[in-house]
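Chains A and B supply the protein sequences, listed in that same order. Sequential numbering from 1 applies to the first sequence in our numbering. Sequential numbering from 1 applies to the second sequence in our numbering.
It is worth saying that the hints were derived from the structure and are not from the lab. Among these hints, one or two may not hold up.
As the list claims (entries may be wrong) - From the structure, some residues in chain B lie toward chain A, with a derived Cβ separation under 10 Å:
| id | residue |
| --- | --- |
| 1 | L15 |
| 2 | T49 |
| 3 | L62 |
| 4 | R201 |
To be verified - DEER-style ranges, computed between Cβ atoms:
| id | chain 1 | residue 1 | chain 2 | residue 2 | range |
| --- | --- | --- | --- | --- | --- |
| 5 | A | L189 | B | R278 | 49 to 55 Å |
| 6 | B | G191 | A | N258 | 34 to 40 Å |
| 7 | A | L189 | B | R89 | 48 to 54 Å |
| 8 | B | Q185 | A | Q141 | 50 to 56 Å |
By construction, the Cβ of each residue, glycine as well, lies at the ideal position given by its N, Cα and C atoms.
This is what each chain is made of:
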Amino acid sequence: MNLGTIVWLASFPKSGNTWFRIFLAGLAAGEHGSVDINNLHQHLEAPGGIASSRAEFEEATMLDSGLLPCDDIDALRPRVHEWTAARAREERWIKVHDAWTLTSLGEPMLGRNTARAAIYLVRDPRDVAVSLASHNNTSIQKAIELMNAPDGALNPGGRGHLTPQLRQKLAGWSGHVTSWLDQTSVPVLPVRYEDLVADPLAGFGAALAFVGREAGEAAIKRAVQRADFAELQRQEKAHGFRERTSGSEPFFRVGRANAWREVLTEDQVRAIEDPHAAVMTRMGYSLSLRSLGPAPEGLLRSAENVARIPGLLRVSA
Amino acid sequence: MHSYLIGGLRVSSELELAGAIPFRASEPPVDVTIRRRIVPADLDRASATGPTWAMANGRFLLRVPRLARFLMTDGREMAFESEPGVADRDTAVFALGSAFGILLHQRGTLVLHGAAVAKNGRSLAICGASGAGKSTLAAALCEQGYSLLADDVCAVRVSAGRSDTERNGLPAVFPDGRSLKLWQQAIEHLGLSARRGGAVRDAFEKYYIDPPAAHAAPAPLAAIYILQEARLPHEAGIEALELPDAMRALGGAVWRPRLRDSIAQPRQALTQVTALLRDAAVFRLIRPRGFELMGETVARLGRHLDQLV
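Chain A extracted, bound-state conformation (with noise of 0.2 Å):
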C-alpha cells in the first residue's frame, strides 16, 4: 500500500500536463473563483511545481546544485523527493517530465513511497513532435531526434551554463511511455489527452477519483470551463503566458487532437511511427503510412499558419 502524500502528474513534455494543472486550479478556486494562467501557483492549494526544480532540490540539500555532477544530484534525488513529501501535511500534485528512472544505487529517481498515485498523460507522438518543436522553436527533425533518443534528455547539462530546472532523463517517447505504465512503485492511471479532449468531464473525473481525490460534478464541470482552450487563447492573447518558453509561437496553439495530420512530412511520420509503433499501438494511436491520404475533412488549417512554425512542409492531400 502506498500512503505518501503526492501525485505525480507525468507525462513526456507536451502532453497536455499544463492544461491539467489549470484544471487542478480552477478546481482549487472554488465556486465563483476564476483562473489566471499567469498566477497557477495562486490557485493551487499545494503549489506543487515541478519535480526537477533546481530551486527545490538547493533548498532541500543546502547545496549549490551547479557544483554537482547530474549523477550526484539524480542520487539524491530520492531523498530530496521523501523531504518534500514528508513535509506535505495533505496531497501533493507534482508536475514530472522525468521518466521512470532508477539512480546509480538501483533506487527509483522520485524516491520510496513518496507517492500514492501517478496520473500519467499520454498524447500521440505525432502531435507531440509539432508541439514540442514550436514549443522548444526547433525544426520538426530536432523534435523527433529528442523523442526517439533513448538517452535523450532535458538539460542534459554539460554545455557550460545552468538552467532553472535539474536534467530530466526522457528515455525516448516509448521508453517514457513504459517506463512509467510498468513500473511497480507507484499506481498509475494512464490517461490519453485525446480522451481528455474529447470528453474533458470524464477524464478529469478519472483521474480525480484514481487518486481518491473527492470532488462534486458541479466543481468538475466549472473547472472543466474554467480550463477551456478558448479561455486559455484569450487570457494568453491578452496577456501572454510565462510558462512559454521562447519563440514566436503561443503556448496554447492548436490544442486539438490529430493536428499533425497538416504539417507532418511523411518522411516525419516514418520518422515517428517506425521507432514508436509498438508503443503506439499498445496506447490506442493506429499507423497511418498505409492508408497516408488526404487529410479528413475539417482538419485542414490555412498553410499561413503551417508556415508560422519552423522547419515544416506541409502533406500534400
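Following the hints, position chain B against chain A.
Frame of chain A; chain B shown alone:
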C-alpha cells in the same frame, strides 16, 4: 594555517580556500577556525534532518555525496573530512559556499543569495535563483568599472537598532572574495577567456574568473536587484518594489530561506530584512533571454544606479 577574511570574519583555515581574501593577522582573535577532523556520518539526537544534513543543539552536519562532510558548531568552528581521493580544491568550493553559508546562518548574519559589486563607495546586490544569471551579470559589471564584493553567498551587515546612533551606520555588504565562478558559455559570451582561472571542480565547465578589481572594505548597500529572466507578462526592465512586495522578495532572496529560520533564531531574518529596507531599495530586474543582450542589461542597470542617489 591560512588566514582569510570571509563575510567580515577573520578565518583561520587548514584548508586552502581559492578565491577568498587573504588576511594578514598579526595576532588573534580569530572568529572562525576551519580544521581537518574526523566528521561523523550522522548526529545523535538530531532536532531536524534533511536529504544531506542534520542539526542538533548548535551543530549542523552537511554531507556532500562522494566528496566531503562538514560539521559547523556555534558559528565558530568548521570541521571537514574529505572522502578518500578528493582534492582539497573540490572540498574548498563547498567549504566556502554551502558550509560557510550555514555557519553565517548560525551566527545570525543576514545572508543573501546573490552577487554584489561596488562603485563610488556604494554597493548593489544582485539576487535570484540559481541559473538566473547573477554571476554573469556581476562579471559584466566588473568589466564596466565595478569592483567585486561577493559571489553567491553574500553576507550583509545590518544593525537592527532603532535610532541612527544605535544602528551603527548603513547596511553594508562584507567583501567576500576575489573570484567569480562562471560557466564556460558565459565566459565566451562576455569575452573573458583571458581572465579564466582553474576549473572549480574536476571535469566541470565552470571556472574561476578574476575580475579587474575586488573591493576590500564593506560597502554601504544602496540597492538590491532581484534578477529574473523575462517571462510574460513581465517584459525586460527595472521596476521598484514597494512594501509588501519588497519584503516578500527580500525574504525569498535570503540564502536557503526556509532552513534559515531553523538554524538561526526564528523571525530574526524578518527583523533584519525590515531594517535593511529602511536604507536599501529593492527592485525587480528583468533581463531579456540570451547572453547577447547582456550588454543591454548592464547599460540599463548602470543608468538606473546613477539616478539612485
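Practice prompt. Just tell me: holds or violated, for the beta carbon distance of G191/B and N258/A against 34 to 40 Å?
Written response: With a Cβ separation near 49 Å, G191/B and N258/A fall outside 34 to 40 Å, so the hint is violated.
Worksheet item: Any CB of chain A closer than 10 Å to the CB of L15/B?
Response: violated, 16 Å
Practice prompt. Determine whether the Cβ-Cβ distance between L189/A and R278/B falls within the hinted range of 49 to 55 Å.
Written response: For R278/B against L189/A, whose Cβ atoms are near 54 Å apart, the range 49 to 55 Å holds.
Worksheet item: Could one say that the CB atoms of L189/A and R89/B fall in the range 48 to 54 Å?
Response: Because 49 Å falls inside the window, the suggested range holds.
Item to complete: Answer holds if the nearest beta-carbon of chain A is closer than 10 Å to that of L62/B; otherwise answer violated.
Response: holds, 6 Å
Worksheet item: Under the criterion of a CB-CB separation shorter than 10 Å, is R201/B in contact with chain A as hinted?
Response: holds, 6 Å
Discussion item. Hint validation: T49/B versus chain A, beta carbon distance must be below 10 Å. Holds or violated?
Written reply: At about 9 Å, which falls below the 10 Å cut-off, the nearest Cβ of chain A leaves the hint on T49/B intact, so it holds.
Worksheet item: CB of Q185/B to CB of Q141/A, is that within 50 to 56 Å?
Response: violated, 24 Å
Checked against the numbered hints given earlier, this structure breaks hints 1, 6 and 8; the rest are met.
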